[in-house]
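Enquirer: One letter stands for each residue in the lines below.
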Amino acid sequence: MKKGDLDIKYLAQLAQIHLEAEEEKQLAKDLQDILHFIAIIRRVDTKGVEPTFQVARKTQMSRLDRKEKSLPREAALQNAPQQKNGYFISKPIGWK
Amino acid sequence: MKSICQLPLLELREKLGAKKLSPQELWAECQKTIAAKDEEIHAFLARAQRLQLPKEWLKTELKGIPFAVKDNLSTASLPTTAGSQILRGYRPPYTATVVERLQKAGGVILGKTNCDAFAFGASGENSGYGPTHNPHDLNRVPGGSSSGSAAAVAAGMAVFALGTDTGGSIRQPAAFCGVVGLKPTYGRCSRWGLIAMGSSFDVPGPLTRTVADAAFLLGLMAGYDRRDATSSQVPVENYLAALNDNSLRGLRVGLVEEFFQHGLQPEIKEAVMRAADILTNNGAKVVKAHLPHLEEALAVYYVLVPAEISSNMARYDGIRFGRQSKRGQTAAETTAFSRAEGFEMEVKRRILIGTYVLSAGYYDAYYLQASRVRTLVIRDFQKLFSKVDVLLGPTTPTTAFKLGEKTADPVAMYLSDIFTVPANVAGLPAISLPFGRDQKNLPIGIQLIGDLFQESKILRVAHFLENYAH
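If you read the sequences in order, they're chains A and B.
Our numbering puts the first residue of the first sequence at 1, with every later residue one more than the last.
Our numbering puts the first residue of the second sequence at 1, with every later residue one more than the last.
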């Protein structure tokens, strides 16, 4: 995307959502309004300020690198729209 | 006549313990109230068919007390949709830690409550299953996103309910429905099994009839969970015992000046000032306080949360679970069409905003910049909490608004979160408690915000103020 552009078709493609023409129009307008609203953060002077990615904990936690129990296959598949022989079924991978 | 489910949890617990009431009677009473009221309120999306009382229930903490669970908390025993059509019929293979802890403590699930789809919203109207109505006025919204949970407690359909709070989703509906809503410190309660929205903001918490009920439940829900790496190892306090200290001497309360702007309804301002006077008259010192980055905090929220959403929502691919579209010739098309059909409008809106602020060329200007402004908001609070113990303010700019009033204007809807969002941006604990009513007889909520892990302090002050609520 070029600076200042809001290419709704491109965004929808990145986000993997098919949009109908009417939705596209509505969402493009909504997004402009929201971008206008969030633009105030761009005026804040943050020179030398570290970004925050997590709150309430000063250090990262890590667990031992040990194999642990995971979901049984049946449980992982119990909500699959289509399955066969313990696998998910999908349409072919790749673009037409 | 008031239903017995309208009694506070702690009172019911005592009756159950003394065998003056049986869990079966209490369950039946909740069912009766639901049957009478929920057709018009629409708080529940799924309900348990029968009472599954734990063995030796009399020895448990909750003694078979029925509670409602927001539908974005996973329950293996009931379908979990997070209020979205894309998860219609989804049955999680596991149960969220906070729910599991309450079940182990002897609580029984009544059902799953309606909410804005994936908890994106401030009115309950973004639910993919139709809106919940405010029990105090059916033409008005109950607030959101924990809309069904707040309405269920307010209407006496459940003794208490679980909600989740990312930007006010427990406190705002609690205020609109006249119940108590507690948002714990980020990490105080495990997020495991909570369907993720803004992972660095989300936290589960209780909606209750009294502050003491909320304190009691927090003690049961809180604590480290190895399945959530962001859950905290800070020791869990006895929050209920902390309420016994009812002296306010030496307590410093900050009144945030910026909270009195932004179209604050005059009656809500009066309620906050009345609370401040009560605190002053009882030995607390109330001082002026400033949150210079209040508006920026809301903008930070609406950059970072959609960014986290756009990434969290990537899991809905229409292949592994959830709705699958019949359209499309390839796996990628299945995904794009499934998401088109299954996601509600606000979900699409937030995913697209998140995609935009994370995309090449905009990442630094929006996402990174917002993360830096987040640091400034945290610093504002740190400065405040070096001078005061708690902050006092309104929970919402207005009381409950009408259904449909703000649906056409997403930004107007976002602004109804302005007083609740700052606590989430900084991860702080906050509570909303009912404090009188406005001229339309709608409940007013006031809010107390504390420093990280200072739940005891805000609960203590809220418990004190509760006696003066009416």
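Check before you lean on any hint, since a few could be wrong.
Unchecked claim - Taking lysine to any residue and the SDA-like style, the derived pairs with C-alpha atoms no more than 25 Å apart in a straight line are: (1) B:Lys326 <-> A:Glu22; (2) B:Lys104 <-> B:Trp192; (3) B:Lys15 <-> B:Pro93; (4) A:Lys84 <-> B:Glu333; (5) B:Lys406 <-> B:Glu295; (6) A:Lys69 <-> B:Lys104; (7) A:Lys69 <-> B:His136.
These are computed hints drawn from the structure, not numbers from a lab.
Since the model is a prediction, treat every value here as computed from it, not as a measurement.
Enquirer: Hint by hint, say whether it matches the structure.
Expert: Hints and how they fare:
1. B:Lys326 <-> A:Glu22: holds (21 Å)
2. B:Lys104 <-> B:Trp192: holds (16 Å)
3. B:Lys15 <-> B:Pro93: The hint is violated at about 35 Å.
4. A:Lys84 <-> B:Glu333: Holds, at about 21 Å.
5. B:Lys406 <-> B:Glu295: holds (20 Å)
6. A:Lys69 <-> B:Lys104: holds (22 Å)
7. A:Lys69 <-> B:His136: Distance ~48 Å between Lys69 (chain A) and His136 (chain B) Cα, so the pair is violated.
Checked against the numbered hints given earlier, the structure breaks hints 3, 7 and satisfies all the rest.
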